[in-house]
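Asker: The lines below spell out each chain.
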Amino acid sequence: LAKTTQPISMDSYEGQEVNITCSHNNIATNDYITWYQQFPSQGPRFIIQGYKTKVTNEVASLFIPADRKSSTLSLPRVSLSDTAVYYCLVGDQAGTALIFGKGTTLSVSS
Amino acid sequence: DVKVTQSSRYLVKRTGEKVFLECVQDMDHENMFWYRQDPGLGLRLIYFSYDVKMKEKGDIPEGYSVSREKKERFSLILESASTNQTSMYLCAGRGSYNSPLHFGNGTRLTVT
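Which chain is which? The protein sequence lines are R and B, in order.
Just so we're aligned, residue 1 is where the first sequence starts under the working numbering, counting upward by one.
Just so we're aligned, residue 1001 is where the second sequence starts under the working numbering, counting upward by one.
Any given hint could turn out to be false.
[To be verified] To be clear about the criterion: a stretch of chain B counts as covered by chain R if any three or more of its residues have a C-beta under 8 angstroms from a C-beta of chain R, and this derived list gives those stretches: (1) 1011 to 1025; (2) 1034 to 1044; (3) 1052 to 1059.
These aren't lab readings, by the way, just hints derived from the structure by calculation.
Built from N, CA and C at the ideal position, the CB exists for glycine as well.
Excised from the complex, chain B in its bound form (with noise of 0.2 angstroms):
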């Protein structure tokens, strides 16, 4: 069975602090997805990856990196946590060209 997994259901961190979210991914994906999800604006990109050591920008990447050293895991990281970046992050991996997206159960973030 398919699995990607987020490492933190709940996190909660203060303002300034560097804050990683990791996701690990078994099924040998290519391409790996951060989202964030906010009420009433849906799942908008924060930065994809396509290979190994690759990342390309979604629609909403500043404020976060990311980093891909493994296949397997991708992880976001926010530089110096802000308020306005409490929200859910969803970590989503897919095979090939035009294969289904699967999601991990997301990290609900909470900066104070």
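Chain R on its own, in the form it takes in the complex (with noise of 0.2 angstroms):
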């Protein structure tokens, strides 16, 4: 099971851009990295799902890097509705236990 590790808390003001990065360092070659967000007592939502290289929506990019040990979630100028827990897991094959971290804090001020 790849572990991931982000740091656990980061503030930022409005209108800033926001990277996050998780490293995953035993990813395995099948795996996909996607990303969470989660408002307090609420269910985590899904944000973004990459495999490697870059990954954009409307909300938000995910980088990866070639070797794919890591991967960076990218807010672009964000608002404080964005406070709020990020979480990146892992994928792993079906039928497999699917691991959190403790995920990063994300306050953000105006």
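Make the complex out of the two chains shown on their own, each in a separate frame, by following the hints.
Answerer: Pasting the structure below:
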């Protein structure tokens, strides 16, 4: 199982770009990397998923280097509503466990 | 729209009671998961299931069991509730290999 390591917390101001990096040194060949966002008293929700290079959707970008041992979630121009806990999860074959790390608490101030 | 529903948002039980936490999904998901979440500890996997009547232990299965008699329903059972099982419990489902997890909104269980 690929273990993930993220910073415990990050602070930012509205309008800035935020980059959260996740380390996953023993990622397997078939594993995807998925990021989730969680607000208080809610379940995590999917943000973005990728396998290699770069993926972009309407809310974020995901950068994955060639060796895939880390990944970076990029949130452009954050707002107060982006204050949340962000988790990176390294996928696995169907039928096996999905283990989360402790996540990164992002605090956005005005 | 995808949906994972947990039957109770808040639950208060007494020590020693048998507790059932129910989770239903309407997405024909193969895989279902139960996590608990505590401050500072993140999401910890209790049990998961990749098919009907199949179950596998996660990181912290002690004191819990699960039941999956039908594909859409995955139940978490606390055989004899204890105060250290006071926590937020989150159920999730996913379909095919590497597809994202879909979570319910959680059940906040208090054991007194």
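Asker: Taking a Cβ-Cβ distance under 8 angstroms as contact, does the segment 1034 to 1044 of chain B have three or more residues in contact with chain R?
Answerer: holds (count 6)
Asker: Counting residues of the segment 1011 to 1025 of chain B with a beta carbon closer than 8 angstroms to any beta carbon of chain R, are there 3 or more?
Answerer: violated (count 0)
Asker: Taking beta carbons only, do three or more residues of the segment 1052 to 1059 of chain B come closer than 8 angstroms to chain R?
Answerer: holds (count 3)
Violation of the numbered hints given earlier is confined to hint 1; every other hint is satisfied by the structure.
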